[in-house]
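Participant: Keeping their order, the protein sequence lines are chains A and B. Those letters in the first sequence? Residues 1 to 284, per our numbering, in order. Those letters in the second sequence? Residues 1001 to 1288, per our numbering, in order.
Derived from the structure by calculation, the hints contain no laboratory data. In this text, all values refer to a predicted model and were calculated from it rather than measured experimentally. Accuracy of the hints is not assured; some may be wrong.
To be verified - Computed footprint of chain A on chain B, listed as stretches where at least three residues anywhere in the stretch have a Cβ under 8 angstroms from a Cβ of chain A:
id, region
1, 1112-1119
2, 1158-1168
3, 1191-1205
4, 1266-1273
As the list claims (entries may be wrong) - Quick list of simulated restraints, FRET-style, between CB atoms:
id, chain 1, residue 1, chain 2, residue 2, range
5, A, Met51, B, Ser1122, 26 to 36 angstroms
6, A, Met50, B, Thr1155, 50 to 60 angstroms
7, A, Pro122, B, Phe1263, 33 to 43 angstroms
8, A, Thr5, B, Thr1155, 47 to 57 angstroms
9, A, Leu168, B, Gly1095, 57 to 67 angstroms
10, A, Leu256, B, Val1058, 11 to 21 angstroms
11, B, Leu1062, A, Val134, 53 to 63 angstroms
12, B, Ser1181, A, Leu168, 53 to 63 angstroms
13, B, Ser1122, A, Met50, 40 to 50 angstroms
14, A, Arg149, B, Leu1281, 30 to 40 angstroms
15, B, Leu1274, A, Thr5, 48 to 58 angstroms
16, B, Leu1281, A, Pro53, 31 to 41 angstroms
17, A, Leu168, B, Ser1122, 31 to 41 angstroms
18, B, Phe1263, A, Lys121, 31 to 41 angstroms
Claimed, not checked - Beyond 10 angstroms from chain B on every Cβ pair, some chain A residues (computed):
id, residue
19, Ser70
20, Pro122
21, Pro259
22, Ile260
23, Gln262
24, Leu267
Heads up, the beta-carbon is just placed ideally off N, CA and C, and yes, glycines get one too.
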Amino acid sequence: MYWQTLIFFALTYVTLALSLNISAGYGRLLCLCQATFYGIGAYSVALLPMMMPSRSPARMYVLGVFVGISISAALGGLISLLGDHLKEDYFLMSTFAFSEIAQEFIANSNWSGGNVGLRLKPLNMGGVEYVFVVSAGILMLVAFWICGRIERSHFGLALITFSVDESLSTVLGNSSRSLRFQCMAVSAVLATLAGCIVAPQLGYIHPAFFGVDESVLIFTMLTLGGLGSRYGVVLGAFVLAVVPSILTFFPIATRLDAPIRQIIYGLLLVVLMHLRPSGLIPNR
Amino acid sequence: MIIREEVSFFLSLVLSGLCLGALYAFVATGYSLIFGVLRFINFAHGEIFAVGAYAAYVVWRLGFSPPVLILAGITVSAAISCVVERFAYRPLSQGRTVLLLATSVGISVIIRSSLAILFGDSFVTIRPRGETCYATLFHLRFACGQIYVLVVGATLTIVLWWLVQKTQIGRRIRAVASNRSAAESLGISKHAIHRNTFLLGGAYAGAAGALAALITELTPQMGVFLGLKAFTAAIIGGVGSVFGAFAAGLLLGVFESLATGYFGSQYQNTYVLLALVMFLLLRSRVGR
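Next comes chain B alone, as it looks inside the complex:
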């Protein structure tokens, strides 16, 4: 019996880790895509995620069901991501990286503080209808929110794979990422590619935000740590590699969930960030 309980504890940790990992994976994908075309780390990407979560919250308050929540998160985040690209990053895309970096730091502060003004500093939560339900499978209890995250996450993953590998947009983004000047000389418009990349990255960050709204509580600061962890995943997966980032995001989620499950949640964020620092120290010359 004890062994069985241990195993089911372990499995439930893995499961919640996968939920968390799906969120990291979607945001990490955005980091990777944007790095590919603009060659800078978009510091404000975690905040785009938070915007998606709050969009879902607002729609939920208006009385809509979870599928609408996710659509709302995707739409609002993608729109804001595009606006930021057009007015803040595009004028600087020829300049030094430092300018883009400083701008994205500024944007992240603006978004975070706007959320704090609109929704207050303390946390809010969503309790979707039917949240009290639990499903039991192989002696494991799932919250319905978690099932939702896993199912929607898997679907969106397939869509992402299709978008990046099989569509014109995805091919062009990959072309610009692998060789900017060659892509331009083939007639691929740089601005359109930048816009599409931010659209795609923003949409997936928004989807992750809306899914996060279903399983966790929302604070204006929620994007900071998530952004950092997703960035960690993007680095571990190899920056510029979309599916490497995705896989690393899932792994990181499971790692974090196991670490907090067995060593306590006091330093939940520290585990992952230490993993980042260790990885950077051990792997020499990342991005150089």
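If we strip away everything but chain A, and leave its shape as in the complex, we get:
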């Protein structure tokens, strides 16, 4: 069970980091709200079966996936329009604010279970135990494949042109707005799908699982691996997802467990920016 959970979360974090790589790495939209999209997925598959208890939970789950994807894609698109207006640091702060608003909204609302969290209706999976771990693996492969496709497509080349020279890209007939819109929407949808898998695996969700700390963690994974380099991102996410579990072998008070882990993430981020500014495996 322990190993299953560890592998499951490693896969999920790799997916999340790859999804952020699409918006932040390729699209140059430094977005600090990836955990919010992830949370939208988790909450939509948790809430829909509860709102319609008479229908079959599995069918409502599938509907929840579609609802989550639509909400995230729309929100992601809107946020990318904001990115068109703002410089990267303003954009980072605004998405951070958005992440905080979303978390506070969920934590203070009644329909979402508020600060108590939500216990999901169990899905009947016909006794197959590993179904969510396997789907997390498949989703990760899909995310990795999408990143590879983007790197080698016209779309990816247009993005590179855009990040190198904005006016040249415009002259060549690329609209930065539409490029970024697509990046952000794809990125949001992938994160949402990860959330749709996480919620039933855990069986219980809480607003803090999808808060700002989580967004910062995903951002750290991405910068650790290297913005825009998919192999690097996989490595970075895997390291950060697995390293903290080594901590559990040391006898430290559980109260200190979370803050110490956060400090390790923070230190890694700071040290890395000084020693290897373009990540463990830089992008070309």
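Given the structure of chain A, go ahead and fit chain B onto it with the hints provided.
Facilitator: Coordinates of chain B only, in the frame set by chain A:
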């Protein structure tokens, strides 16, 4: 009578809004100053504020009075702000903004978690001697902490104006902010200016932290929302404009206090952050 009660309710909201606004204003000033010289948003500035608050708390536990609390907050925050600048930001000041941003995100996580380890996750409060006292003026009841915040805040504001407008340090900071290369060619040392800016920004964040310790409870996360709101104020006031940020901070405090007073405190933080998003959407091309 009812009208009178309504008016006094309104006025007390404005008053507590001004207290809150003074805190936002001091932190927003720091954002603005640092943005002026380094051209990046210091993500960790809210945490410097929290450090000031906890420094005041420690000094209070040792048995000192409010003036010492404020001095302690200023000193500790200014020192930490300087150390962070010297060892984390300075080596990167030539590089891309992304590196500085990521570093400041890391620093903010480190400071926040260190506070959680040192002081625990739950909140602590200060009850200064004489806190139980209330002053009544024009049928309004003030808590003594609030009076303290208003008086000290006004004094520090005058000092800030003097520092930025009238002293050598302030002139140099403004010179670097308005034209970096021209200032350098006139012989103004870049490193010294960076240090002084972080010193000044840190000191005012620390003062705000110590004042916050007098009127609210402290949690390790207190810097996150305050940082965001102060950032909002810095943007609304026009980034790089120190006194614009200051005025916007005061306004934002009053706005938040009125909104929570009339619409309930459930979404206290959401009001201000929505104001930020609306402002960014309506005003095109901020900082571009």
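Participant: With reference to the structure, classify each hint as holding or not holding.
Facilitator: For each hint, the structure was consulted:
no.: 1; hint: 1112-1119; result: holds (count 5)
no.: 2; hint: 1158-1168; result: violated (count 0)
no.: 3; hint: 1191-1205; result: violated (count 0)
no.: 4; hint: 1266-1273; result: holds (count 5)
no.: 5; hint: Met51(A) to Ser1122(B): 26 to 36 angstroms; result: holds (34 angstroms)
no.: 6; hint: Met50(A) to Thr1155(B): 50 to 60 angstroms; result: holds (55 angstroms)
no.: 7; hint: Pro122(A) to Phe1263(B): 33 to 43 angstroms; result: holds (39 angstroms)
no.: 8; hint: Thr5(A) to Thr1155(B): 47 to 57 angstroms; result: holds (56 angstroms)
no.: 9; hint: Leu168(A) to Gly1095(B): 57 to 67 angstroms; result: violated (23 angstroms)
no.: 10; hint: Leu256(A) to Val1058(B): 11 to 21 angstroms; result: holds (19 angstroms)
no.: 11; hint: Leu1062(B) to Val134(A): 53 to 63 angstroms; result: holds (58 angstroms)
no.: 12; hint: Ser1181(B) to Leu168(A): 53 to 63 angstroms; result: violated (26 angstroms)
no.: 13; hint: Ser1122(B) to Met50(A): 40 to 50 angstroms; result: violated (31 angstroms)
no.: 14; hint: Arg149(A) to Leu1281(B): 30 to 40 angstroms; result: holds (32 angstroms)
no.: 15; hint: Leu1274(B) to Thr5(A): 48 to 58 angstroms; result: violated (37 angstroms)
no.: 16; hint: Leu1281(B) to Pro53(A): 31 to 41 angstroms; result: holds (39 angstroms)
no.: 17; hint: Leu168(A) to Ser1122(B): 31 to 41 angstroms; result: violated (55 angstroms)
no.: 18; hint: Phe1263(B) to Lys121(A): 31 to 41 angstroms; result: holds (34 angstroms)
no.: 19; hint: Ser70; result: holds (21 angstroms)
no.: 20; hint: Pro122; result: holds (32 angstroms)
no.: 21; hint: Pro259; result: violated (4 angstroms)
no.: 22; hint: Ile260; result: violated (7 angstroms)
no.: 23; hint: Gln262; result: violated (4 angstroms)
no.: 24; hint: Leu267; result: violated (6 angstroms)
Hints 2, 3, 9, 12, 13, 15, 17, 21, 22, 23, 24 from the earlier list are contradicted by this structure; the remaining hints agree with it.
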